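S.K.: For the record, the sequence lines run as chains V and B.
Here the first sequence stands for residues 32 to 723, where the numbers follow our numbering.
Here the second sequence stands for residues 32 to 723, where the numbers follow our numbering.
No lab work stands behind these hints, which were simulated from the structure alone.
Note that the structure is a prediction, hence the values are computed from the model and not measured.
Any given hint might turn out to be false.
Copies of the same chain look alike in the list, so a pair counts if it works inside one copy or between any two.
Cut-off 30 Å, straight-line C-alpha distance, at most; resulting in silico cross-link-like pairs (DSSO-like, lysine-lysine) [stated by the list, open to error]:
id : residue 1 : residue 2
1  : Lys-408   : Lys-276
2  : Lys-606   : Lys-276
3  : Lys-348   : Lys-408
4  : Lys-348   : Lys-327
5  : Lys-276   : Lys-398
6  : Lys-699   : Lys-398
7  : Lys-606   : Lys-699
8  : Lys-398   : Lys-56
9  : Lys-56    : Lys-327
10 : Lys-606   : Lys-398
11 : Lys-276   : Lys-699
12 : Lys-56    : Lys-445
13 : Lys-56    : Lys-699
14 : Lys-327   : Lys-276
15 : Lys-398   : Lys-348
16 : Lys-276   : Lys-56
17 : Lys-445   : Lys-348
18 : Lys-606   : Lys-445
19 : Lys-445   : Lys-276
20 : Lys-348   : Lys-606
Number of protein chains: 2
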Amino acid sequence: PFSWTALDDRAVDTGRLLAMDAVEKVGNGHPGTAMSLSPVAYTLYQQVLRHDPTDPQWPGRDRFVLSAGHSSLTQYVQLYLSGYPMSLDDIAALRTWGSKTPGHPEHGHTEGIEVTTGPLGSGLASAVGMAFAARRERGLLDPDAAPGESVFDHHVYVVASDGDLEEGVSGEASSLAGTQELGNLIVLWDDNRISIEDDTNIAFTEDTAARYAAYGWHVQEVDFTAGGDYREDPRAVFDALQAAKAVTDRPSFIRVRTIIGWPAPNKQNTGAIHGSALGADEVAATKRILGADPDKTFDVDPDVLAHAQQVVERGRKLHAEWDQRYLVWRENNPERAALLDRLRARELPHGWAAALPEFEATEPGGKGLATRAASGKVLNAIAPVLPELWGGSADLAGSNNTTIDAEPSFLPEKRSSEMFPGHPYGRTMHFGVREFAAGLIANGIALHGLTRPYAATFLIFSDYQRAAVRLAALQQLPVTFVWTHDSIGLGEDGPTHQPVEQLSALRAVPGLDVVRPADANETAVAWRTVLERAHRPAGVALTRQGVPVFDRTEFASADGTARGAYVFAEADGGKPQVIVMASGSELQLAVAARERLQADGVPTRVVSFPSHEWFDEQDAEYRESVLPPSVRARVSVEAGVAMSWHRYLGDAGRAVSLEHFGASADYKTLYDEFGITADAVVAAARESITHS
Amino acid sequence: PFSWTALDDRAVDTGRLLAMDAVEKVGNGHPGTAMSLSPVAYTLYQQVLRHDPTDPQWPGRDRFVLSAGHSSLTQYVQLYLSGYPMSLDDIAALRTWGSKTPGHPEHGHTEGIEVTTGPLGSGLASAVGMAFAARRERGLLDPDAAPGESVFDHHVYVVASDGDLEEGVSGEASSLAGTQELGNLIVLWDDNRISIEDDTNIAFTEDTAARYAAYGWHVQEVDFTAGGDYREDPRAVFDALQAAKAVTDRPSFIRVRTIIGWPAPNKQNTGAIHGSALGADEVAATKRILGADPDKTFDVDPDVLAHAQQVVERGRKLHAEWDQRYLVWRENNPERAALLDRLRARELPHGWAAALPEFEATEPGGKGLATRAASGKVLNAIAPVLPELWGGSADLAGSNNTTIDAEPSFLPEKRSSEMFPGHPYGRTMHFGVREFAAGLIANGIALHGLTRPYAATFLIFSDYQRAAVRLAALQQLPVTFVWTHDSIGLGEDGPTHQPVEQLSALRAVPGLDVVRPADANETAVAWRTVLERAHRPAGVALTRQGVPVFDRTEFASADGTARGAYVFAEADGGKPQVIVMASGSELQLAVAARERLQADGVPTRVVSFPSHEWFDEQDAEYRESVLPPSVRARVSVEAGVAMSWHRYLGDAGRAVSLEHFGASADYKTLYDEFGITADAVVAAARESITHS
């Protein structure tokens, strides 16, 4: 039941005062939304959110996502008022080196922050992923509990800004949330009609509430301006949130009409207060309006703080009640409890890798096996032993080979299709043609904590989801991006679909592993290694076209894949005169070139090089054993721009690469016309030897 | 008035037959939509579109955008049937090397193709840009004509697929199209409810028509399934298009409910027919249904062709009538006619560069001038002499410094805000927080042909619009991306906002110029050079923070910017012992390091290196004069990953770079903590000298 006293009013105002003071102190930041959203955020943290400030990792907690990440103070202030490990000094250290209060909320840096936000739209889309995860995790751990009765049932709350809703990715994710009938997702839209360019009437005039209704959401409205005068109405917010919780078959959208920067006398309702300090005069004037002493900063009445921090008791009580139910669940479900413990530790089950397939060598000159097909076999082979592994494609399931065949799709049953039977706890996700949302949903799933998601599309469309990939890397999330059709080798679809610069561009992302296996067995080792590395994301680049499965009695073991690069074929006849490095489908060209060079008496080493990042992690001894500094004649072979290879090529090296866009034709023609051939490798090797 | 005979029915069926045959011949492609959209596309090309197949560049033409680019045959077949330079042999050469009929339509490759499509959503968003351009161009050339009476009035038609509407970017652009009241834009949605993963019920269940109504669009529906039996109804399509044209104050959205692959007996209404050949049996069965000979391929009845190609006469007549009006316009508007001729030739006016400002050197130790601020001054200085230059920001106008101050914004007048007075022919665009749409709208403006657009955001958010940047490069469009806040130098907003890998990742894009000027005068030369290069896009990376404006009596002229890299400060005391290369805000660190190295007797050359692409275009003599191969000791300084610099560094070189994400703090602290300092440059120089 809603309760509100004068102390709550003062706590709300305290939130505003701290926001103003913090921004004023550092001289920059975003005070306006933190001021006007204070009553909404306070109501949520105090009276709605199931959380325990003394245990920010409590598995039974609701999740709160501040999609409007620029308004980080909205959250920092509530963390402080709610009794999280967040002090007044922390707030005063806003946006300074090493503080708990960076410009935008950072997951893994500040307790109580569920997701790193700031790039607009990303928080909301990640929250959709959390809502997915909550359902799937419940299905793994407590599938038979009645709705709302499981210890794993909880809600995901989002505060979104105008900017979040202008970004297309929020629309992608919200449309999908409607399809998925995510009753556990509630979005509050701060409809303040001001963005950095001031009045949003210049760029944002749609009927957003009607748009959300069109997505199939439950839509409500709270209007603080409805009475003519501006009247903040926490009860109306509370009631709307309760009504939203009562709707369990649809996500909820609550439009809250506010005035940004309320009640700053001169700067409220302006773009200026969105992203700049108010200035001393305006701060003082606002403090006077709020009945605060203009001469004091970071001034919190102990009574107000004590009142607000009563939420700690509320949280402990919720937690304690939950603990009892949780223990009952554990007793009744010992196997699932063991699974939960394993998943929480992000450990893989003992001996799981035995489920990985080994692939037989294909016949020379035959069709080979596309690495995307090998990947599909790997996924289906390990699916039974790794229930935490799930994922899907942005409408390219058959092309990406990412469907787990033996299980239904993750879908409300009524959304089942002939091709894809669905179940709410199903395993294969269908993102639709929404690559960016797919990436952020995968991030949200990983953030939620227990499962290991993958999201698939063509490598070219990693461009659409690049900001999601970056956020996965920044947050060190174990998300796997499956990118098939990884070169001009996709053939006829032409230059709009042929990645050329993507491999190098993705290798530039700090904290991302880019892996491009050369054959089916490297693909298996790639998946094994990716899954063992639970502390960071990976992108796996896979071929459309068939490539040879190499005979590993003739060539080195595919286990070398885990080290990023390895000697695939040693030079015959002594020390290598040249080293040919290749990734993916181009390894076969390196092998063919080596044969010719060896026939001409040139000792040639072939290095299979599936991952720059994994190789760079090896110790110097290993790295020098693969690429001895004394062998300066080197060639790289990859059907893409060479930018990322120059480090390994050195001054004498030569790249066989593609420095321009592709074309529409069968892939063999393209390789020939663009000079990605064994001949070209031989010529490059000879040139490099000459210059070494 | 609509007219239709049995020959038209046969022409529609001919379109289907050719689509099937072409895909069958090459063995892959997308027949389904081309089959079912045949009556829609035929009606459009025959009876609605104002075009002259004998002059695909006719300025008075309507624009047709096939956003569903995978269904390229939809357009190729109409180009053939309409009498464009497209033969039956061309269609039979679908998706083969060198043909006019690549897998996806390619602008600049095939006459009659207005835009390269394939990446879903991009066509529709580019079409919004074309509709913007049509209004702005009319404003420049014929502002006083009554609505619909100008020779520059025309429509932009789009055919969009389910996938186009699932992609967020189409939502971004469509919301903005509503705000802009683009009465000249008409979108036909092929609502066939099938995508690659078959039934779209698994991922696309929203009420899309209601969503477009929420955007403020005029919405109509044509349902070929309405009568129970499937009945294609070209008249209903025609009538809807006429009704859409009659609505001049809003864009129009026409939902056309079709069955993909109609009338293939077994594969219609399946995902299989979306992207694969039908197979010989299904082709034969479909031919029988259509009354065609199953044993014949690419079989076109001359009567049908002659009937369809009557549209040539219709087009010539439209063109001739237009020519008369055009000549009257030219006579009455000689100055504007001269402007048109100049714009069509993509020439800049004589002496325009005299309008560029020169910036005075700032005081040592002073605040300097941010290059974004310099860029804003440049834009406002050249705006009066270059009316074709216009652009805007994705809600960061004040931060990007991209507003042309003296002119109103490009807005319906009723959308004016206090900060931004608007006019339908205005100059500054407001994209809202929609970076991807901003990029594609800019592409569409450039494709429309006459003006020179720029689109601005923070460099970090180039990630959101990367697919648009790539399409600009692929299409060789003169679009300028203005990317400010180009490093950790933006400070407190933290790692979500600090670009680290973006410069290298963008340099990887073929055909894109990335320019990062070091000071205000380099910024002016950068703009000059970008505008002179009308054959390709550029991205200009600019600082948030102040940087010194160098004294060019002490250092080399900023004109060297146009050559990509130049000797900024020569080594004292003979041949350089080390070369320090730097871009943007890091040039000052190179200069400071040089002072120390010179003081220690190390002759040190500083190379200002604003653009890799421009430098690579210089002849070998120039390049070797700047970077003599004999000087192997080299250092690069850029506050980002070093990947793109290794080519210039060579084996002995050392990078002062940032190989991890940033943090939230003031920028000076960040540079110090992350070791992007003059000290680090000195140390790197010494190390490089040791190893050279």
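S.K.: Taking the hints in turn, state whether each one holds.
M.R.: To see whether the hints hold, each was checked on the structure:
1. Lys-408 with Lys-276: neither (41 Å within a copy, 52 Å between copies)
2. Lys-606 with Lys-276: neither (70 Å within a copy, 75 Å between copies)
3. Lys-348 with Lys-408: neither (48 Å within a copy, 61 Å between copies)
4. Lys-348 with Lys-327: Classified as neither; 36 Å inside a copy, 79 Å across copies.
5. Lys-276 with Lys-398: neither (55 Å within a copy, 53 Å between copies)
6. Lys-699 with Lys-398: within (13 Å within a copy, 58 Å between copies)
7. Lys-606 with Lys-699: neither (33 Å within a copy, 50 Å between copies)
8. Lys-398 with Lys-56: between (67 Å within a copy, 21 Å between copies)
9. Lys-56 with Lys-327: Within. Shortest intra-copy distance 12 Å satisfies the 30 Å Cα cut-off; inter-copy 80 Å does not.
10. Lys-606 with Lys-398: neither (34 Å within a copy, 58 Å between copies)
11. Lys-276 with Lys-699: Answer is neither; intra-copy 57 Å and inter-copy 47 Å both fail.
12. Lys-56 with Lys-445: For Lys-56 and Lys-445, the Cα distance exceeds 30 Å both inside one copy (55 Å) and across copies (39 Å).
13. Lys-56 with Lys-699: between (63 Å within a copy, 17 Å between copies)
14. Lys-327 with Lys-276: This pair counts as neither: shortest intra-copy Cα distance 40 Å, inter-copy 63 Å.
15. Lys-398 with Lys-348: neither (64 Å within a copy, 55 Å between copies)
16. Lys-276 with Lys-56: Cα proximity of Lys-276 and Lys-56: none, with 39 Å in one copy and 56 Å across.
17. Lys-445 with Lys-348: neither (38 Å within a copy, 54 Å between copies)
18. Lys-606 with Lys-445: Classified as neither; 65 Å inside a copy, 77 Å across copies.
19. Lys-445 with Lys-276: Classified as within; 22 Å inside a copy, 39 Å across copies.
20. Lys-348 with Lys-606: Neither. Shortest intra-copy (71 Å) and inter-copy (76 Å) distances fail the 30 Å Cα cut-off.
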